[in-house]
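2 protein chains.
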Amino acid sequence: MADAQNTSQDLAPMRHSLAHIMATAVQHLWPEAKFGVGPAVENGFYYDIDLGDVTLSEDDFKRIEKEMRKVISQNQTFERSEKPIDEAIVWAEEKRQPYKAELLNDLKRAGTTAAKDLDAAELGLPSEGESAVENVSFYTNGDFTDLCRGPHVDSTGVVGAFKLMRVAGAYWRGKEGNPQMQRLYGVAFTTKEELDHYLNMLEEAKKRDHRKLGRELDLFTFSDLVGAGLPLFTPRGTVLREKLTAVAEQLRKNSGFERVFIPHITKTELYKVSGHWDKFGEELFLVDSQVTKDQFALKPMNCPHHNQVYSSSPRSYKDLPIKYFETTTVYRDERTGELGGLSRVRSITQDDSHAYAQEDQVGEVVGSLIADVNRLYGDVLGMPLKASLSFRDDSDKYLGEKSLWDKAQATIRDLAIANNLDFFEVEGEAAFYGPKIDFLASDALGRQHQVATVQLDFVQPERFQLVYVDNEGQEKRPVMIHCALLGSIERFLSVYIEHTAGWFPFWLAPEQIRILTINDTVLDYVDKITTILAGTTLMEPLKYNELRYSVDARNESLGKKIREATSMKIPVQLIVGPKDVEAKEVSVRTQEGEQKVSLENIADFLRGL
Amino acid sequence: MADAQNTSQDLAPMRHSLAHIMATAVQHLWPEAKFGVGPAVENGFYYDIDLGDVTLSEDDFKRIEKEMRKVISQNQTFERSEKPIDEAIVWAEEKRQPYKAELLNDLKRAGTTAAKDLDAAELGLPSEGESAVENVSFYTNGDFTDLCRGPHVDSTGVVGAFKLMRVAGAYWRGKEGNPQMQRLYGVAFTTKEELDHYLNMLEEAKKRDHRKLGRELDLFTFSDLVGAGLPLFTPRGTVLREKLTAVAEQLRKNSGFERVFIPHITKTELYKVSGHWDKFGEELFLVDSQVTKDQFALKPMNCPHHNQVYSSSPRSYKDLPIKYFETTTVYRDERTGELGGLSRVRSITQDDSHAYAQEDQVGEVVGSLIADVNRLYGDVLGMPLKASLSFRDDSDKYLGEKSLWDKAQATIRDLAIANNLDFFEVEGEAAFYGPKIDFLASDALGRQHQVATVQLDFVQPERFQLVYVDNEGQEKRPVMIHCALLGSIERFLSVYIEHTAGWFPFWLAPEQIRILTINDTVLDYVDKITTILAGTTLMEPLKYNELRYSVDARNESLGKKIREATSMKIPVQLIVGPKDVEAKEVSVRTQEGEQKVSLENIADFLRGL
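Protein chains in written order, with our numbering: chain F, 1069 to 1677; chain C, 1069 to 1677.
It cannot be assumed that every hint is accurate.
Identical copies carry no separate label here, and so any pair may be met within one copy or between two of them.
Below are the DSS-like pairs computed for lysine-lysine, each with C-alpha atoms no more than 27 Å apart in a straight line [claimed, not checked]:
1. Lys1340 x Lys1361
2. Lys1386 x Lys1454
3. Lys1176 x Lys1470
4. Lys1629 x Lys1386
5. Lys1361 x Lys1347
6. Lys1454 x Lys1163
7. Lys1321 x Lys1596
8. Lys1544 x Lys1311
9. Lys1386 x Lys1637
Calculated directly from the structure, the hints in this document are not laboratory data.
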């Protein structure tokens, strides 16, 4: 989550000062407190504290905040001072701060080099590359002094708005086996409005958590027997996958991509040729055959397989660009950190594509891909996009001819401008095989997520000896262009479920329409309605999208029926009572409110949603 | 390939007699010939022969056939005799027949039990279960005597029509390291007409070989880097997969099945619970994680995963039947015998489904599946079906209540009759978990292939503790019903490519229409045609099937354009010349011939194909 107005870097001195103020307050309340490290982090700050037998809880936050406000109201100046390292160690011991003493002793023993894994800013150290440690710096506010490199704001009075959020266990220096400390977190912003905005967003994000909505809306599930990071999609969740994929595929087909189909495994030789063996070796799921001696792997990407399709026939310049696409699941042996969610899974379904182009076709192909990304996120999904153009720097770690790179980068920049992209350039962030465009989509809470990507590749065509015959009969290498529009379907769903809070647009909702009856006298009329629904097919944004509807004709109150349909976030509820039968109408209930629509207009009305 | 008129069993004595006649002829031509075994096989017979330094080739077939005809024309009686085993061994040694001697010695040493792996009928042995060997039988015709149990036809004059087909190397008793013999194959039928019919069919089958057509029509490929048995589908072949799958899925959706999505791997625990670990253990591709200690496997079937989706929510009798379908690839670690083809692959894509039903819903669910199978093979694919109803016998190897079986089998039989199936029943062929229907489709050459299957399962619901709450609030087990319509898409394609000889029906052809221009004056007119084609969508048998067309406007002769389009088996060629422009027509060329169709009728014409 990015800061709304200021960048994290701007706010770091203020947030870091708040960490000191919090430590001051804690020391006032628990004089025996022993401190670890207390940096500024995204959106706020923390301090790791050892309070002996005292266990902090949220009940203590008020007291601590009250004491912090006292320190703030005193507007204490942050004063910098220096001590030789040996004196600093004596200071730490006298103050009974064993963690600070340990850091200083380590530092003294090993010099600056070993201090790299410590938080330099926390330790009052010279920054990396400076000469050996002689002095370390301290900051003092009121009666509290801390080993610290700074910078800080001038005084405790100018720290903006803050709030303590949570306390959690944390091993000293992050190492299991070390003493466990209490990590006390706060958030901080320049103004109260920004803080409130952020806290509201957090509250909203909690409600929208896709793991929670996934259960409530019956979208996906996990099984202990199947394993962590391997989601199973229920019928409702599968509709989301299917329709999103279909939209992305429709864009592909319109842009001249042809579908191919490859297996999920391969002999590992394929990755030795492609070079992925070295790069992806640790993320590979290896597959053992009991029948042959070949070693297989589950594919972590599709490009090497697609290259095999390319090279299955001789290719002429007249055939190029050749464009393959496929929606297929790759497997990566990732640590399954975030369980129960779709953000990080081991079965990753990609809407992947690979185009093979002549050098002078790169602009045309990339331009059409950028246009597809714009259409998908702009017109269809309603998520604002930023584009990061990742270019090479002057180092020699890049493969492929420099002139080819220069031309390709210039083309990418021109296309970004021509397609009206909101873009920024990052030198040195290109892949070793070519420059790329990474697209970042903003969700309804302003959070940015990496989604689509377009990457040029000058290396795989070389490694796989891919060729086409040019108009003079000479063999040439095509340029390869990788692209995913949705990226990982699972990850995109985790973003999009939270973006929409589960209120999917009409064309996408697993159950689009539920007909709610008031009593059984209307059942014949409901048949007339369902006949219309069964004959209605949406053509936008996804062609041939037949309506998905159900009828709730149970002998239950209308109120209960509406509550249930709303809790499942069904975008259109058609309420049918005896009066509607008489008037040849239906009551259409959407998030915007309720209105009457005549039976003869209902199909057009739905097509217009 | 099944015999057209007679079953193999009826023809076995005749074919086995021809093996003796062939051996007689070989002995006349090469008196030092040493004989192995010579059984009747499907469509014919063979004999394994050791000819020392002589290598047979097709050039020798005429001589051998001529000598066989001489033996046949002499109408020698097949006379049976017996010898005690020790005398038989002396006979074999005197006749310098070491292979026969070896078989007899083995037999004598080990008694009947060890003889099980030998060909009892070949050896003149009593059949299995009879008491210990004392005598062995011989058959003599003319000057040739062979150790043999029979039966034979009465005399060499009554053996029908035959033809020697090929000679191939074969290790003695099938074991690598044993002496290599020459296996001489022939085919034989009762009449010359039947033989000719069979030989024509073989010739036709060779032309239709799906591996050959797969290359010629650019449908699929294999890569050494990826591995054997792992086909990669090109854009054209992928259209076939896509459209066939879409038709099968359309039938599923119409029958109330909902799509789900599962990963391709699972912890092996899943198969220990399901019971497949024991059954499929050797066919499993095992997957190693470098990150977790869990052992994973590639899924060889989908039912255990689908059961996890079923049990992810509480289920009520009101929800049943619950019907899941999915087209997904399973992996089986099969020996990759037949390389380069789709008949036997390691990546097997199934159009799989699992329904969970109350006992009294089984009839309704199975009935609807049978109807879907009938629609697919009858209306859509045009392949006649037979159904094998595989029932239990009285043994105790079956799980589940006997009364449930009886009811289910009676239901299946009733449905087979009601749905007008051409069926036969096989007792003792049920799976241990329930009775099933296996469907056999006949191809254009009369060959039968197993395709769809519907299977009841009383066991997995028990093992996975699947439940629903009945109308009295009691937990009950659902019955599970497995079904695949196409079965394995890869295997089905191997059948269907040969069935159609690559001339796919219009709705399915990868490239449906190619417009061939006579010269460049017609290009504006071609634009008008393509505008019509782009706006035409087929709705039968597959809904929303947009036309797939191309334009051949190269500066080549019309003859060359037609030849190329025909060699790619494009069902519709639209030939456009200046006269067509004037007459506002196009010349439509199909396999049926050529006709003029007016521009305004072309869309309707194509929709009617």
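* Asked: 27 Å Cα cut-off: does Lys1386 pair with Lys1637 within a copy, between copies, both or neither?
  -> The answer is between: 22 Å across copies meets 27 Å, while 51 Å in one copy does not.
* Indicate which option fits the pair Lys1340, Lys1361 if close means a Cα-Cα distance not exceeding 27 Å: within, between, both or neither. => both (17 Å within a copy, 26 Å between copies)
* Within, between, both or neither: Lys1629, Lys1386 at alpha-carbon 27 Å -> Between copies only: 17 Å across chains, 61 Å inside a chain, cut-off 27 Å.
* To do: First find the shortest C-alpha distance between Lys1544 and Lys1311 inside one copy, then the shortest across copies, and answer within, between, both or neither for a cut-off of 27 Å.
  => Answer is neither: 39 Å inside a copy and 35 Å across each miss the 27 Å cutoff.
* **Homomeric proximity label, Lys1386 with Lys1454: Cα distance no greater than 27 Å** => Neither way: Lys1386 and Lys1454 sit 35 Å apart in one copy and 48 Å across, limit 27 Å.
* Alpha-carbon proximity context of Lys1321 and Lys1596, limit 27 Å -> between (36 Å within a copy, 21 Å between copies)
* Asked: For Lys1454 vs Lys1163, is the C-alpha pair at or below 27 Å within one copy, between two copies, both, or neither?
  -> The answer is neither: 50 Å in one copy and 90 Å across copies each exceed 27 Å.
* Asked: Which holds for Lys1176 with Lys1470 at a C-alpha limit of 27 Å: within a copy, between copies, both or neither?
  -> neither (46 Å within a copy, 81 Å between copies)
* To do: If the cutoff is 27 Å on CA atoms, where do Lys1361 and Lys1347 land: within, between, both or neither? Let me know, please.
  => both (24 Å within a copy, 22 Å between copies)
Hint compliance for this structure: hints 2, 3, 6, 8 are not met, and every other hint is.
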